[in-house]
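> What follows is each chain in one-letter form.
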Amino acid sequence: MPTLRPAMLLGLSALAVLALFLLSFLVGPYPIPPGTVARVFLAQVHLAERGWSEAVEMVVLDVRGPRIAAALVVGAALACAGATYQNLFRNPLVSPGVLGVSSGAGFGAALGILFGLPGAAIQGMAFLLGLAAVAVTVWLGRSFDRHASLVLVVAGLVVSAFFQALVSLTKIAADPLNQLPSITFWLLGGLSRTTPAALLGVLVPIAVAGLVLHALRWQVHALAAGEDEARSLGVDVRRVRLALILAATLMTAAATSLCGIVGWVGLLIPHIVRMLVGPGFAAVLPMSALLGGGFLLGMDNLARASGTYEVPLGILTALIGAPFFALVLARTRRQWF
Amino acid sequence: MLRAENLHFSWPGGMPLLAGVAFALRPGVPLVLLGPNGTGKTTLLRCLLGLERPTAGHVTVAGHSLAALSAATAARHIAYVPQAAAAAFAFRALDIVLMGRTPHLGFMAGPTAADRATAEAAMVRLAIAHLAARAFDELSGGERQLVLVARALAQGTRVLVLDEPCASLDIANQMRIVAILRALAADGYAILLTSHLPDHAFLLGGEVALLKDGRLFGPAPPAELLTAPMLEALYGTPIEVVPLTQGRARGQVLCVPVMPAP
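Quick mapping for you: the protein sequence lines, in order, are chains C and S.
FYI, in my numbering the residues of the first sequence are 1 to 337.
FYI, in my numbering the residues of the second sequence are 1001 to 1262.
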């Protein structure tokens, strides 16, 4: 049971994430003292005189800035999508990739790399194929049974397996010296490719989807009672379900197109959030955004601090997320059996 | 209040589950729906709640055709009390009751202080205010059932549909539900409930209807409809209907299955 009020926890978490955000500018292979970072910020609003090299300013504003923002946005998106799917399917063990979006995005990116497309096009293909995979899942689920949500999970399994096979096929076709390592690294996840333009490209769909989830938060709350009960509580289950799938998919596809396949955020964070603020979706959603963003930023800081040869982000989130998840499950077991 | 007209229902290619069911639910007269397992009680409830669309006939609520109402509008007319099952997530009892306010929330808006007050008042009315902060999963079966009734009251409808509200409850909790339903009926609620115990129809003092092979008998006062031959025909097992003539339960009627000869 939460001992603090959700609003208070939300405020505290926001402060903690803000502190982490500021500290993150100090992390990286190129050391910049905190005072200089602070003055680079102040100079942007004309409160400090420039007294540093252009390289310093570039590292802070063009390299670290977008990447730190991307970690926050992507982490928030993955955690919110995970929380949404877990509520929708009334199953605390589903992750944002449950409907096949990650596998689809992975195939899109692999294909883009195989064709030697530029970075923005690879990102675009990952995004579109992520959406396409979920569209196939929804279509397949409907042809099994129009009403039940659970068949969607089964359809997602089928579609994921299919796209994973396509990814493997692409890997075999790829040039083993240049393309194969690129594909492998893309699939392991990471934010080192982040550019301001790439970030802006994913920010819009994620923000729109976030707004949709926010608007539907109380419908989602009632949906936790089960679909029939939700309908009798006045929820237009079919429409809300479709809107939730669209929003969560949009978020995950956008996030994945930027950072590759980063697991465990969408599975782990909603569990921690429910432990803190209870299962009500109206409190779970903003808290998931905060903690998801904070968690991924922390992980990405580790990646950046791990030296010139970065440990891929997806490996870090699994290395730290999996044992942590086991720990969380051990504590919350009675909540979902 | 709630009216079913000539309801037919069958799954595609299946046997008819409902064949011309018609009845009217009136305020103040709780209606108990009896019928053996698999006879279509659940299907009938699902049609009345708009969860299934009848293959023919229609349901009206307060003069509106149910099929033409949005989910939210329908939920402002009819509230449903399901059998108490464990939730997928560990909600507090008050969170569950607050779900009853869903059809009244504005676009993008959450529950207001007034919505919370309505939810709390519903819990006070059923004398379960002390459970508000407790985890729903940790409540007893009887307490869970009361929380779900409170949710239906918070929904602010005049029609309550309950799916076996006394199932798996001990005798004291069954009587608690019966007393609550009698009080709600006296307040003008239109109440429909299913049950496997014919005694509930007598205890509730309203009407009873029997569903067998998709056809509905009644509604009628229990004393008229619940005779030994009728119950035997309904359930296919010998049953005696015994009016008690002495003791504190004098005047009550008991439905007793006849023990088969060894």
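Note that these hints are calculated values from the structure, not bench results.
Glycine included, each C-beta is placed from N, C-alpha and C at the ideal position.
Do not take every clue at face value.
As the list claims (entries may be wrong) - From the structure, some residues in chain S lie toward chain C, with a derived Cβ separation under 8 Å: (1) Glu1005; (2) Ala1068; (3) Leu1069; (4) Ser1070; (5) Met1099; (6) Thr1102; (7) Leu1105; (8) Met1108; (9) Ala1113; (10) Cys1255; (11) Pro1257; (12) Pro1260.
> Which hint numbers doesn't this structure obey?
Violated: hints 1, 2, 3, 9, 10, 11, 12.
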